[in-house]
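J.: Residue numbers (my numbering), protein chains in the order written: chain A, 1 to 263; chain B, 1001 to 1170; chain C, 2001 to 2081; chain D, 3001 to 3524.
The reader is advised that the hints may include incorrect statements.
Capping the alpha-carbon separation at 25 Å, the derived lysine to any residue pairs in SDA-like fashion look like this [what the hints assert, rightly or not]:
#	chain 1	residue 1	chain 2	residue 2
1	D	Lys3071	D	Met3001
2	A	Lys260	D	Glu3120
3	A	Lys260	D	Leu3022
4	D	Lys3321	D	Tyr3455
Note that these hints are calculated values from the structure, not bench results.
Below, each chain spelled out in residue letters.
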Amino acid sequence: MAMKWLALVAVVFTGALLIYGVSDFPDWGSADSPANGGIEGAGRSVSQTFIQETKPLTHVPNMVTAVLADYRGYDTMFETVVVFAAGMAIFAVLRVLKTVDGQHSRVIRDRSVDGDHQRIIVGTTCKILIPVIQMFALYVVAHGHHSPGGGFQGGVILGASFILLGLSDGMETAMERLSEGKFVAMAAIGVLIYAGIGLLSQFVGRDFLDYGALQPLLGTPDEGWARSHAMLGVEVGVTFTVTAIMFAIYVNLASKGELKGGL
Amino acid sequence: MVDFIEIFVERVVHFIENVVQPHFNYWSYVVLMMIGLWGLIAKRNLIKKLIGLSIFQTAIILFYVSLGVKADATIPVFDYEAEKSKSAAVVLPAEPSEMGGKSDGKYKKIDPDHYANPLPHVLMLTAIVVGVATLGVALAVAQSIFKDFGTLEEHEILEKIKTGDYVKHD
Amino acid sequence: MVENFNIIILVLLVVTAVISLQVKDLLSASMIFGIYSFLICLLWAEMGAVDVAFTEAAVGAGVSAVFLIATVFNTKRKSSD
Amino acid sequence: MIDQLPVICVLSPLFGALFVALFGSRSHSACFPIAIVSLVISLICAIGCTQQVFTTGQAMDYFVGGWGAGKVVEGVEIPLGFGIQLRVDHLNALVLCIIGIAVLLVSIFAIRPQGEKDTEKTHYFYSLFLMLACGLFGQTITRDAFNLFVLVEVSSLASYGLIAMGSSPRGTVAAFNYIIMGTVGASFYLLGVGYLYLKTGTLNMDGIRQVIELSPDVADSRSVMVAFILIMLGMWIKMAFFPLYGWLPNAYSYCPSSAGAVLAPLMTKVSVYVMIRMMITVFGLEWVFESFDWSALIVWLAVIAIFAGSVFALAQNELKKMLCYLIVAEVGYMVGGAWLADADRWGLTGAIYHILADALMTLCLFLAVATFAKRAGVIKLDDLDGLFKKMPLTMVGFIVGALAMIGVPPTCGFFSKFYLIRGGIESGRWEFVIALLVSSLVNAILFFRIFEIAYFGSSPPEGHGHHDDEEHGETTARRGLEAPLTSLVPLWITAALIIGLGLMNGQVVEFIRKTVGLLGGGAA
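Chain A on its own, in the form it takes in the complex (with noise of 0.2 Å):
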C-alpha cells in the first residue's frame, strides 16, 4: 500500500514537472519551432542542413538512413554494441552450460494425433511463410536506401523468421539451422563489420566512419556514391547483429537458458 502512495506522489510530481515544461512549448506541428527550424538568426538548423544536404552529400534518398549510418554512424554502432551487449548479458544471466543430472525440467512436446495435427497445420503454414518473410527482409535491409527501412528493421525481421520457426517446428530445428555457436560469432561479426568499415577509413588516413574516404577502394565516381555503398555495408552488418541477437534472446528465454525443449 505504501508503495501505491509513493507512486501517486512520484507520478504527480513528475508529470506536473512534465506539464510545466509543455506549456511554452512551441505549437506542434510547427515548422518554425527551434528543432525543426533552427534558432532565429542563426542560419540553417542541423535538421534543415539534414533534409537540404543528404542527396548532394550521399545520394541517398532516405533521409533518415543517412543520418542513421553516417552523419550519426558513431550512435548507430552503439546502438548496435547495445544489441550485442544485451545478448552477451542474456548469455551471462540465463544459460545454463552444465547440466546437472542430464536432464532437463521441460518435457519435449506431447506426440499425440491431436498434437501432431497441429503441428502438420502449423508447420507447414510456416514452412510456406517463412521464406518469404526472409526474402522480405532481407529487401528491407537491401531498400534502406530508398524506403523506410534499413539494417534494424530487417534484421528484426530476419530474427523474428528464424523465431517463428523454433515456435512452430520446436527449437531443435530452429537450432539446427542456426546454432549456438554460430549466433554469437554472426552477433560479434556484425559489430565487427560496422567497426571495420570504420577503421578501413582510418586506415586510408581520414577520421573514424568516414566513409567518403573509401572512394578508392570502392571506384565510385565521387564520394557520396562511397557513402551510399559504404551504408550498405555497415546496414548489413547491423542486420548480422540483430538477427542473431534477437534468435539468441528468444532461445535464452523460452528455454530458461538450457537452449533445449523451448516452448
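Let chain A serve as the given structure and place chains B, C and D on it in line with the hints.
T.: Just chains B, C and D, lined up with the frame of chain A:
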C-alpha cells in the same frame, strides 16, 4: 450560479483550445508516461513492472517523434517527382548563396519545410532498440529470479528474502 | 492542428495502456501490450515517422511481445495485481 | 596519429569485447590476453590524450565521420552538431586516465573471475567487462548529448549482466531493481535532452550552451529549466544520490567481487562526471548558479546524503555493504561540492578532484575486500579476526585505502576534502563543512574498528566453533593465505597511486582548473 458555471465552462473551453489543443500530443505523452511510471512503481508483479517500463519508454519516443512533426510535411524520403516539378528554387533567407550545394542540373534546392525532421526519427530508432535490449535482459533476470524464488511477486520475494526461503547456491 | 485520427488513437493508447497494466492474466497483458505497440506504430506512421513506425511494428508489436510471452510461459501466468 | 587517439581509446575495448566473444568460447585462455591488450591500448591512448592536452593547453577535438564543424564537404559547409564530436579537455582527460587504470587493474585482478555460477562463463564475463569499459570511456569522451545516452546504455547493460551473473539469488533481485532504476534514470536523461533539443535545435553540448548563452528567451524558458531538472534527476538516480540510492548497496555487494571492484569505483563516479559536464558545458555555470539558484537545497540534500550514508555504514556488519553505504556518502561529497556556488569554484574543483581520488580509494578498498573474500572467506566484519597475521601484504593495501577514506594527509583523500572544505568555507555553507568533518570522523571510527578486529581479534579464542576455524586457519597459514601476485600487484599499484595523487595534488588541481568555467567564475 448559472453564470458561474457558464464562466467556468468558458474558461475550460478556452484552456483546452489555447493550451491543450496546440500541445495535445505533448499532453498525451505525459499521460502515457505517467501511466507507465505508475505501473513501474505501484505494480508488484515483475512482468507488470516491465510492461510499465516499456510504456514509459514508448511515451518518451512519442514525445520525440511529436517534436519532429511539421504540419504540412511528408515523410523524410526524398521525393524525385515533386522536386523535379518545382518551378523555382527555394532560397532560405539566412543562407549565403555560395554554400548552396549542387543546385544545378538534376534537382533544385530542397524546401526543408516540405519534409519532416529526420533527426528525432533517427534518435528514436536507437531508443527503441535500446528499449527492447533492456526488456530482454530484464526478462532474463526475471526468469533467473523465478528459478531461485519460485515467484515473480515483489512482496513475496521480499518475504522470502527475510525468511531465507529460497534456493541458495553455494 | 491535431487531427481527429490522432485523438482517437491517443485515447485508445491510454485505454490499452491502462488495461494491460490492470488485467490479472499476464498473457492477456502481453497481448494487449502488443496492441498498444501496434497502435502507437500507427500514430507514428501518421506523423511521418515511417522508419520509427516500421521498427516499432517489428520490435514492439512483434518481438517484445514474443519475449514477454516466452517468459510468462516459463514462469507464472497469474499476477496478484 | 595523435589526433586519432580519442576514438581509439573507445574502440579498443569494443574490439576486445568482440574478439573475446568470437574466440573466447573455444578457448577461455584467449580471453585474458585479449582483454589486457585492448585495455592497455586504451590506457596508452588516454595517457597520450592527457599528455597532448597538457603540453598544448588546448582541448583535442575529434569529429567522427569527418563531419567537423565549419568544414566544407562537397561544397556544403557543415554546421556544428551535424556529426558527433568527441573532445578531450582538461575536465575529462584525467577521468579517462583513471578509468583506464581502474579497468586495467581490475582485469588483471579478475584473471579468474570469482563468484559466478561457473567458470564456463568466463568469456561472457570478459566480453561484458570490456563493453562496460568501452561505455565508460565513450561517455566520458563524447561531446554529443544523445551519444552520451547511448553510451550510458552500453555501460548499463553490461553492468546489469555483470551484476546478475553472480551466484547469489539476492544479487539477481538487486540486479532487477538496478535495471528498473537505471532505465528510469537514463529515460529521464533522454527526456531532458529532448526538451533541450526542442528549444535549441541541436544536440551538440557546445551548441546547446551557445544557444542558452545567446538567447535570453531560451535561457529563461520553463522547458530548459525542466530539462535541467530531468537531466539532474536522471543522473542522480544513476549515481545513487541521497533519496534515490536504494538500488546501490544490494547491487554492488551481491555481485561477483571482480565485477563489484570495477562497478563500485567507476559507475557512480562517471555519473558524477556527467553531471558536472552537464553543468559546465551544456548549461554553463552562470546559468546553473544564477538563473537556477537551487544551490542551497541541493547542498542540504548532499549533507543529508553524507549523514545518511555514514549512519547506515555504521549499522552494517557486512564489509561490502558498509563500503557501499560509504559510496553513498562520497556521492554526497561530490554533488555537494559541485553545487557549492563559491565564486572561485573551489567546491567544483574539489568535486572533480574527488572523482579521481574516490575512484582510486573505492577501487583499493573493493580490491582488498574481494581478496579477503576470495582467500579467507571474509564477508562479515567479525570474519576479519586476526587477518593481519594471515594476509599482511593485502592488509597494507587495505590500510592505505582506509586512511585515504578517512582523509589522512599524504593520501589523496585528505586533499580532496581540503578543497571541498575550502569551497564550503568560501561559500559560507557551514553545514557542508560540518558534514564533511563528521563523515571523516565516522570513517575513522569504522576503519579503526576494522583494524582493531583484524589486528587483535574481536572475540576471545574460546568462542563458538572457533576450534575448527583455528585448525582451518593453521592449515591455510602453512599453505599461505596470502593472495597471489595477480591480486596483490593491482592492489599495491592502486595504493601507490592514492599516495601519488595526493602528493601531486598541486599539479593535478592546476590542470583541472584550466577547465573552462573554473577560473574566474565565468564560462567562456
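J.: With reference to the structure, classify each hint as holding or not holding.
T.: Hint check results:
no.	hint	verdict
1	Lys3071/D - Met3001/D	holds, 20 Å
2	Lys260/A - Glu3120/D	holds, 18 Å
3	Lys260/A - Leu3022/D	holds, 22 Å
4	Lys3321/D - Tyr3455/D	holds, 21 Å
Of the numbered hints stated above, none is contradicted by the structure.
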